[in-house]
Amino acid sequence: MIVGVGARRGVDASEVIEAIETALKEIGATLTDVNALASANIKKDEKGLIEASEILGIPIHFISHDEVNSCDVPSASQASRFGLKGVAEPSAIILSDDKELIMKKKAYGRVTIAIAK
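Its first residue numbered 96, the sequence shown is counted upward by one per residue in the working numbering.
The reader is advised that the hints may include incorrect statements.
Here are the computed lysine-lysine pairs in the DSS-like style, where the Cα-Cα straight-line distance is at most 30 angstroms [unchecked claim]:
1) Lys139 - Lys212
2) Lys212 - Lys194
3) Lys212 - Lys201
4) Lys201 - Lys139
5) Lys120 - Lys194
6) Lys194 - Lys139
7) Lys120 - Lys212
8) Lys212 - Lys199
9) Lys194 - Lys142
10) Lys199 - Lys142
11) Lys139 - Lys199
12) Lys142 - Lys212
13) Lys201 - Lys120
14) Lys120 - Lys139
15) Lys142 - Lys120
16) Lys142 - Lys201
17) Lys199 - Lys120
Note that these hints are calculated values from the structure, not bench results. If you're wondering where the values come from, they're calculated on a predicted model, not measured in any experiment.
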């Protein structure tokens, strides 16, 4: 399972971890079910995402903007102001095996989570 993560600038690792754990609990999954975290390349320098990945021991992959924009996503996104179709949903879909969202994006404070398998 792949957890797509979008976040506001300056988010800290604890916010990211809490959002991921809450989303997983909502779908009846745990951290051990997660193969990787994914986000758009625009977030590659977001310290909170990188630290959360390190703390959880789950790798994070940053997806190129071209790949993100090649993906059909079910939800509109505020990322459109940055020229992206989305962050959490397309990142999760692209990295997943089945290319299927099992949880559409949902905001948890300053973090947005989408989960794909």
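- With a cut-off of 30 angstroms on the C-alpha distance, tell me whether lysine 139 and lysine 199 pass. 22 angstroms, holds
- Proposed proximity, lysine 120 with lysine 199 (alpha carbon, max 30 angstroms): 14 angstroms, holds
- Taking 30 angstroms as the top limit, are the C-alpha atoms of lysine 201 and lysine 139 close enough? 21 angstroms, holds
- Message: Does lysine 139 sit within 30 angstroms of lysine 194, going by the straight-line distance between their CA atoms?
- Response: Holds: lysine 194 and lysine 139 sit about 22 angstroms apart, inside 30 angstroms.
- Is the hinted pair lysine 142 and lysine 212 satisfied, with a Cα-Cα distance of at most 30 angstroms? 26 angstroms, holds
- Item | Satisfaction of hint between lysine 142 and lysine 194, Cα-Cα up to 30 angstroms | 27 angstroms, holds
- Message: Can you confirm whether the C-alpha distance between lysine 120 and lysine 194 stays at or below 30 angstroms?
- Response: Holds: lysine 120 and lysine 194 sit about 21 angstroms apart, inside 30 angstroms.
- Item | Straight-line alpha-carbon gap lysine 212 to lysine 201, limit 30 angstroms | The hint holds at about 16 angstroms.
- Query: Is the hinted pair lysine 199 and lysine 142 satisfied, with a Cα-Cα distance of at most 30 angstroms?
  - Reply: 24 angstroms, holds
- Query: Regarding the pair lysine 120 and lysine 139, is the alpha-carbon distance no greater than 30 angstroms?
  - Reply: It holds: about 26 angstroms lies between the C-alpha atoms, which stays within 30 angstroms.
- Query: Quick one, are lysine 142 and lysine 120 close enough, alpha carbons at most 30 angstroms?
  - Reply: 24 angstroms, holds
- Does lysine 120 pair with lysine 212 here, judged by a C-alpha cut-off of 30 angstroms? 16 angstroms, holds
In terms of the numbered hints stated before, the structure departs from none.
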